[in-house]
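Here is what each chain is made of, one letter per residue.
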Amino acid sequence: MKKQKWVSGLLIGVLLLLAACSNGKSEQSGSAGVSSDTASKENVTIRMAWWGGQARHDMMNALLDKFEEKYPNIKVEREFGTENQFVEKINTQAAGGNTPDVVQTSSFFLHDFVARKIHMDLDPLVASGDLYISNFSDADLNGGKVDGKLYMISFGHNITGVIYNTAIFEKAGVALPKNNWTWDEYFQTAQELQKYLGKDAWASEDEGGTYRGFDMFLMQRGKSMFNGNDLGFEKQDLVDWLAFWDKMRKAGVVPPAAIQAEQGDKPQEQSMLARGKVAMVSKSSNQLKIFQKSTKDNLGIVSYPLSPSGDQVFPLIIAGAGISPNSKHPKEAAKLLNFIVNEGDAATIFRGEHGPQASKKMQDVIMGSLGEPEKIEYAFVDEMLPSTKPYPAMPAGSTSVQKLVLTENQAVAFGKKTIEQAADDFIAQAQQILKR
Amino acid sequence: MALAIRYKKLVLHALIIAGVVTMLYPVLWMLSTSLKPSDMMFTDYSLWPKKITFDHYINGWKGISRITFTTFYMNSLVLVFTAIIGNIVSCSLAAYAFGRLEFKGKKLMFSLMLITMMIPLHVLVIPQYIMFNKLDWMNTILPIVVPKFFATEGFFVFLTIQFIRSLPRELDQAATVDGCGPIRIYTKVILPLIVPAIVTTTIFTFIWTWNDFFSQLLYLTGQEKLTVTLALRMFLDAMGDSALGSLFAMSFLSIVPVFLMFLFFQRFIVEGIATSGIK
Amino acid sequence: MRTEAARRRRESLIPYLFLAPWLIGVLAFSAVPIFTSLYLSFTNYNFIGTPDWIGLRNYITMFTDDPQYLQSLKVTLMYVFVAVPLELAFALGLALLLNRGIGGLGIYRSLYYIPSLIGGSVAIAILWRQVFGAEGIVNKTLGIFGIDMPSWIGTPSHAVWALILLKVWQFGSPMIIFLAGLKQIPNDFYEASSLDGAGRWKQFTHITVPMLTPIILFNAIMQMISAFQAFTPAYVISDGTGGPVNSTLFYTLYLYQNGFGNFQMGYASSMAWVLFIIIGIFTWLAFKSSNKWVHYDN
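Residue numbers (our numbering), protein chains in the order written: chain X, 1 to 436; chain U, 437 to 715; chain G, 716 to 1013.
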């Protein structure tokens, strides 16, 4: 009896200790508010995290070096990884209250990151003049907002299109695709290409597992993947989508399941497109130049296939960065963002990595020196811009649901499930995740 | 007859050696691939590279965008050595109490220790994660090493207890007669005698902490804090198959410290496994 | 008199002084967490908000409404109950071979132990991805014999076998334990049975195996427990996804995804407890069945 009391006393003691520590911490983070303007000349270190492949890492390092050179009192610690790895890591860090001060983000993550408190409301920093966004285009500005508040400073905008290898088209004697082509034309082109490609290369990657593609497919039907906290489409939509890619696989114009599965989440440098293993892949327009660096063949870009009867609409993707709410140096973090989006020195290094910049002035800085791939990219974005709309909001847990598209498409590809079964399973599991 | 026996023995040796080669083939292939020039990697599948180059080691060591493997190795070594010190100190203290001293509740606590050895990590890891997060220990080695200073690895306590029990009691009785208290007996008599147990603890802590992935993945997130294990995974994602040579070079290097430990302390390892039956 | 009593009391505290680090450790890092996780398993704790008590809902969801969970359970059970028996069979076979007094025991034992030493590391998981890839040396070797195989890592029906082989590959450590056990069997037993005219096979089935049963039990339990908790190979080989088509979605990997990917820590805690219970049940079954087949000396 006595012993029990003693043990439970200790237990309570340990718990109290923990509680005390946690209190201490929340006070600390509370005091580091935005308004404190003390640390402007002190030496501070901020952390920035981004995703990408080797080429982007090198560019970002050069960019941040330049920033440190101009603002010698601020040191920037760098964290990076592939996109999947990045998201996983940022989520873990956020849960631990250890988010980097500046975190790259995009329309795909914005809502989730705001919900997870990875991004803070930037309006006060705009009001105090630390962030200058008056010359931003409306599309870039609005794309950074959630519930009317600004959370993301745009680094540039891009549109998902089909990046293709012109050399393969030429050798196969297939006409280059034109913007606003249809799913039927896409399928036909793939078949024609395949006749030339033979057995060890394919017209396209198997994109039945890409939720971006599926989402665009849905938008053409006036729907969207999510509607509030629920799914925004019917089972038949998913069945049609999976069936299209099944048709592609059966026609042999995309890689067999095992090869596609092994491809996984590889950076541009190692993609099948860069290695000449596929002729087309759908990606964000800004990646054209990154892919181009890894292949000798000239690349082009064309709009994502459309249904002739459906809406002619493409979501505009904004890539940018936000500042963490538990940053101890929000002013310095803002300074870094401001540098990237508003200073000529930065623009010449950054060179519209994520697509045409939000500020027209910065676009002009690099316009004269654009290379061929960037010119193609900018022309594509400018042409398609009128038919874009902002990316739809996504609920918490959306990233897990997005992964399900990949799993269920794989299940069909490997013949593990019928299309009907896969669609049923998807909907059951997605609803279960969104409900949890 | 003698010839037949010798012949049989020879066959046995051949069989066993063939087994060894098959088992170790993948590792040898990794080593040999890491030494081949890139253009020969997929054309020359032989184990002996026709041409040897150390380029992959030089390139691989440069790490990922400026953070070199020097940093990663330093991080791993600091982590491992702190863990070793923690385990040696805390486990030998507890083992001495259990092995030699008499106190109330000893039986109960001993069984408590055996029970903690059985609890799977995953049952504890979520509350621990929440706790370490509240302590603001994220992205430090503290969540990994601090528990080691509190003898949480019951296995090492157990191992050391078994060892202490095998020591003749006359030794500490003699020391008691000389007027030594338990503290002096621990430092003057027991500690010097349990060196083999300490060595075993050291080796296994080294190998396990070096190879551990799960807790490092959870707690170490900053680029500058990455250990060799984490850096390798990062390297795999950033470079993938296009830099297979460097990837293999760094992978191979990462198992070298474990190899060296094994080579020098083989006896302790084999005995440690045989007597305590652990992995 | 009083000082003597005080001295005694002080001395009786000394053991606790030695024990203090361990005691604090047990409380802070085992006792408190284990009850906390039990509590969390009945909540919907998501790391940001406060935990709400939801009773058995997590446990019910798991078994009735989460096909991925059932899949992870299936994959793990298959992994454990295929890999562990195979591993032990190899371990025992090699131990018997090495124990025949042919010399070189020390060096062979060490060489066979190397895989156990490094098998759990990221480096080996990376190697495995290559070895069992579409163009890996396994397929290259099989190709020589005219067997055409797809990428093991990329094919759902094959991927888990790459992981099973990785576990079997590490048979060195149970082998060393078997070797130690074989040394314990007194030679008189064999000599006596030889005099009775028992052949090799009869000696094996009547002496070696029965005498080794306690060690077989021990090895089986230890390897089973560790196999249930395997994480690194599945995580590295599948890039953290458990793919293709969840074919390598180990229990711990799915737990990790829920707990530290989605931060559904309540759900992950219930998963951890179910794993704990499953391991407990199988360990208990192993012990329970042991009076039927394990031979105890005394």
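Keep in mind the hints are simulated off the structure, nothing from the lab.
Treat the hints with care, since some could be wrong.
[What the hints assert, rightly or not] Taking lysine-lysine pairs in the DSSO-like style, the calculated list, with each CA pair at most 27 Å apart, reads: (1) X:389 with X:178; (2) U:486 with G:917; (3) X:403 with X:247; (4) X:223 with X:145; (5) U:661 with X:117; (6) X:293 with U:498.
So, going through the hints one by one against the coordinates:
no.: 1; hint: X:389 with X:178; result: 21 Å, holds
no.: 2; hint: U:486 with G:917; result: 52 Å, violated
no.: 3; hint: X:403 with X:247; result: 22 Å, holds
no.: 4; hint: X:223 with X:145; result: 21 Å, holds
no.: 5; hint: U:661 with X:117; result: 24 Å, holds
no.: 6; hint: X:293 with U:498; result: 22 Å, holds
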